[in-house]
Amino acid sequence: MLQSYLKLAVKVLLRRKFFTFISLFGISLTLLVLMVATAMFDAEYGPCPPETKLDRSLGVFRARMIGPHSIRSGDPGYALLDQTVRGLPGAEEVSLHSSPGSVTSYQGGARVTSYLKRTDGAFWRIYEFRFLEGGPYTDEDEKSGAFVAVINEPTRRRFFGEASAVGRTLEADGQTFRVVGVVEAVPFLRTIVFSDIYVPITTAKSDAYRKEMMGGFLATILAHGRSDLPGIRREFATRVTRIPMPDPKNYTTLQTSAETPFESFAGEMFDLKVQTGRAAGLLALIIGAMVLFMVLPAINLVNLNVSRIMERASEIGVRKAFGASRRTLVGQFVVENVLLCLVGGAIGLALSAVALQIIASSEIIPYARFAPNYRVFLYGIGLSSLFGLLSGVYPALKMSRLHPVEALRGGSR
Amino acid sequence: MIRHILKLVWNRKRANFLLVLEMAISFLVLFGVAALGIYCYDGYRRPLGFAWEDVWNVSVVAPGPEGEWGPDKVETVRQLAIAVRGIPEVEQVTTVSAAPFSNSHDISSYDRPNGGAPFEFGVIVAGDAFDKIMKLRMIDGRWFSAEDDGANYHPKVINQRLARELFGTASPIGKPLAIAADGRPEERIVGVLQDFRKNGELSAPANFVISRADPQSPSAHASENLILRLRPGSPKSAEARIVAALQATGKGWSFEIRPLSEMRALANKVRLAPLLSAGMVAVFLILMVGLGLTGVLWQNVTQRIKEIGLRRAKGATARDIQTQILGELVVLASAGIVLGGVIAIQFPLLALVGPISTGIVLASLAASVVLLYGLTLLCGAYPSRMASRITPAEALHYE
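First to last, the protein sequences are chains R and U. With the numbering used here as the guide, the letters of the first sequence map in order to residues 1 to 413. With the numbering used here as the guide, the letters of the second sequence map in order to residues 1001 to 1399.
These are calculated hints, taken from the structure and not from any lab test. Keep in mind that a hint or two might mislead.
Each computed DSS-like pair below joins lysine-lysine, with the alpha-carbon atoms no more than 30 Å apart [what the hints assert, rightly or not]:
#  : chain 1 : residue 1 : chain 2 : residue 2
1  : R       : K17       : R       : K320
2  : R       : K205      : U       : K1013
3  : U       : K1306     : U       : K1007
4  : R       : K398      : R       : K11
5  : R       : K320      : R       : K398
6  : U       : K1132     : U       : K1175
7  : R       : K398      : R       : K7
8  : U       : K1306     : R       : K205
9  : R       : K11       : R       : K205
10 : R       : K398      : U       : K1269
11 : U       : K1073     : R       : K211
12 : U       : K1306     : U       : K1013
13 : R       : K143      : R       : K211
14 : U       : K1132     : U       : K1269
15 : U       : K1073     : U       : K1135
16 : U       : K1007     : U       : K1251
17 : R       : K205      : R       : K7
18 : R       : K17       : U       : K1013
19 : R       : K398      : R       : K17
20 : U       : K1236     : U       : K1251
21 : U       : K1306     : R       : K398
22 : R       : K17       : U       : K1306
23 : R       : K249      : U       : K1314
24 : R       : K143      : U       : K1306
25 : U       : K1135     : R       : K205
26 : U       : K1013     : U       : K1073
27 : U       : K1132     : U       : K1236
28 : U       : K1007     : R       : K398
29 : U       : K1236     : U       : K1269
30 : U       : K1251     : U       : K1073
31 : R       : K11       : U       : K1306
32 : R       : K7        : R       : K53
33 : U       : K1236     : U       : K1013
34 : R       : K17       : R       : K7
35 : R       : K320      : U       : K1132
36 : U       : K1314     : R       : K211
37 : U       : K1135     : U       : K1013
38 : R       : K320      : U       : K1013
39 : U       : K1073     : U       : K1007
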């Protein structure tokens, strides 16, 4: 059955090439835009190296201190994280690391600006960076305040050309580090792990950060398994309530939570008052926007399909005369339309690979890497089918309503 | 004639409804793009109010906890400025709380001194040499200077936009921005700038206030950046010498030096990228609608051969037929424009778009009307010519 539908669909597509072209053009461009958007979303939130254990990790990315007159929000500080994330039950590893800050170096008189991130040793165990040479620094390096650094590949190129960097020294912001490892660059969009230069936390110019409740740090908590995550969230929340406020006159409450990067993003998008279901809400909003974006192309396709009903009049008449039910006919036309959309989706997918390549090479987003992956491909198929249903149902209903006698005669209006 | 066309359109209302809907949504897309484009162009051609060429910014991070600055740190910042000043290529240097084109924004909101709704403005705190470094253009009053030392008020320089908003055509010089209260001295307006668009050419027009950094006790916030003007044609090597001088003076401090030209390019790129991608998506959508519309019209013409043939047989000229097809199209487009326009006008009415002025809304409505009619007529051109070529003989023996 499906086979003969498909055969028919191909024949119809080849019959009027101009119309097929118009339909495919619209479908593929629509899906191109949506797929570029999903690929970028995936590049930011999907699991990709070095963040391979996203499914069983949580982070502390934001904190907020609330007082009667003022609100301070931003990255949590080292002291806050140090008091809350250490030794959480169910956690395999916990890492504290700073938000990347930009630093200036001079390389033969020319200024080089790089991002520098300070991390502990656990950072390298949680995140699976691909080392091109050397290796990470260890917990001991971090404890002793060794001036060692892991750099990414573009930084190696900027400082040392094509030569090996391990064992050589590099100056950044007036400090000198010995390079111990070189990693493959992480896209800028992966804000949690992105940096050019990674050095131990203890190499900071002063140790004032140890007392700060707010500012400059993030934590990553890796659980043994997914089932430990709810327990970790709860325990973290109770620990937060127990922290004494450093400045109770100005700030009385502390708000922070162990969450996923997407939840953190959703938290920033929504109002303070919305406390629960933010991530789900944001996801619904994004999907809603996508469907809205598809409305115009869908109406366009509906119009094209409706205006072409008469082309198929005799076929419909014959089928009806021989007893095909309306449901069968609707099914057939929807299948046809979905097939058309899948073909358009395939073209859109190919185009989006090209478009992403262009976006990546334009360097608007440093070290962007939009490898087409199976997740984006699945999104693409899903989007194409949704689009096909959206634009196929109305014309199909209309076609199936044709009266057999009129249809056989060639149809009036 | 017009009544005829209206009747023809009405007779096919079911099929035409979807076309009208499509045109209405296209109209909304065109309206959005036109509003965005006109808004940005309008902002771009307004003066920036300062010169960024040959100006460099050094962001300064002191060691230790932020927010608590003792006299030692204040002294260090003074020393840093002196050290930079000693480099021959440096013309002027001073402190500023946030660099032009930077991501750091301070927004304040004050109650009006003469009552009424509170007003909002962006603010930076700058040293006395800031006007010469940025080549600011005063249009009224004066820039603040040593003559304000020891005064019983805080001197403020505001931009023309804020001056108009607060005082209309009257001169704001000598008037208070905020009256003395809670032991704080009066904030007095001493000068009006043509403008100071800190966030660059593509940013929205906004109120702005420049506050004087107190030379006696500058705050930590006011000293977050050193801004300096180099003599024109300075060699690149000056930069490394500036940093060396800074690092030698401020042990344990961090510095990041960048030319404003670079910061401007980055800020504009960041603002332009979403605009360009939105524009590209809109062009795709419109192109698609255009092709789709052509297809639908073509198909309609082939379905109406009998009708058109009959008209030709009764003496209508090819021109009449073309007018009829295009006339129907214009009616449909007008319906779409009315429907889309009713929706589009809700955005400024409900103040969903923020700072877009009525003038821009009207201009973009006009532009999108012209564009939509242009688009539909372009799409109708070929199908209507095709219709006009139908001969009565061919049409009448159609069946």
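Now the hints, each set against the structure:
| no. | hint | verdict |
| --- | --- | --- |
| 1 | R:K17 with R:K320 | holds (27 Å) |
| 2 | R:K205 with U:K1013 | violated (75 Å) |
| 3 | U:K1306 with U:K1007 | holds (18 Å) |
| 4 | R:K398 with R:K11 | holds (21 Å) |
| 5 | R:K320 with R:K398 | holds (14 Å) |
| 6 | U:K1132 with U:K1175 | holds (24 Å) |
| 7 | R:K398 with R:K7 | holds (22 Å) |
| 8 | U:K1306 with R:K205 | violated (87 Å) |
| 9 | R:K11 with R:K205 | violated (72 Å) |
| 10 | R:K398 with U:K1269 | violated (49 Å) |
| 11 | U:K1073 with R:K211 | holds (20 Å) |
| 12 | U:K1306 with U:K1013 | holds (19 Å) |
| 13 | R:K143 with R:K211 | holds (17 Å) |
| 14 | U:K1132 with U:K1269 | holds (27 Å) |
| 15 | U:K1073 with U:K1135 | holds (29 Å) |
| 16 | U:K1007 with U:K1251 | violated (85 Å) |
| 17 | R:K205 with R:K7 | violated (72 Å) |
| 18 | R:K17 with U:K1013 | holds (28 Å) |
| 19 | R:K398 with R:K17 | holds (23 Å) |
| 20 | U:K1236 with U:K1251 | holds (24 Å) |
| 21 | U:K1306 with R:K398 | holds (23 Å) |
| 22 | R:K17 with U:K1306 | holds (25 Å) |
| 23 | R:K249 with U:K1314 | violated (92 Å) |
| 24 | R:K143 with U:K1306 | violated (90 Å) |
| 25 | U:K1135 with R:K205 | violated (36 Å) |
| 26 | U:K1013 with U:K1073 | violated (77 Å) |
| 27 | U:K1132 with U:K1236 | holds (22 Å) |
| 28 | U:K1007 with R:K398 | holds (23 Å) |
| 29 | U:K1236 with U:K1269 | holds (24 Å) |
| 30 | U:K1251 with U:K1073 | holds (11 Å) |
| 31 | R:K11 with U:K1306 | holds (28 Å) |
| 32 | R:K7 with R:K53 | violated (45 Å) |
| 33 | U:K1236 with U:K1013 | violated (71 Å) |
| 34 | R:K17 with R:K7 | holds (16 Å) |
| 35 | R:K320 with U:K1132 | violated (85 Å) |
| 36 | U:K1314 with R:K211 | violated (94 Å) |
| 37 | U:K1135 with U:K1013 | violated (64 Å) |
| 38 | R:K320 with U:K1013 | holds (27 Å) |
| 39 | U:K1073 with U:K1007 | violated (82 Å) |
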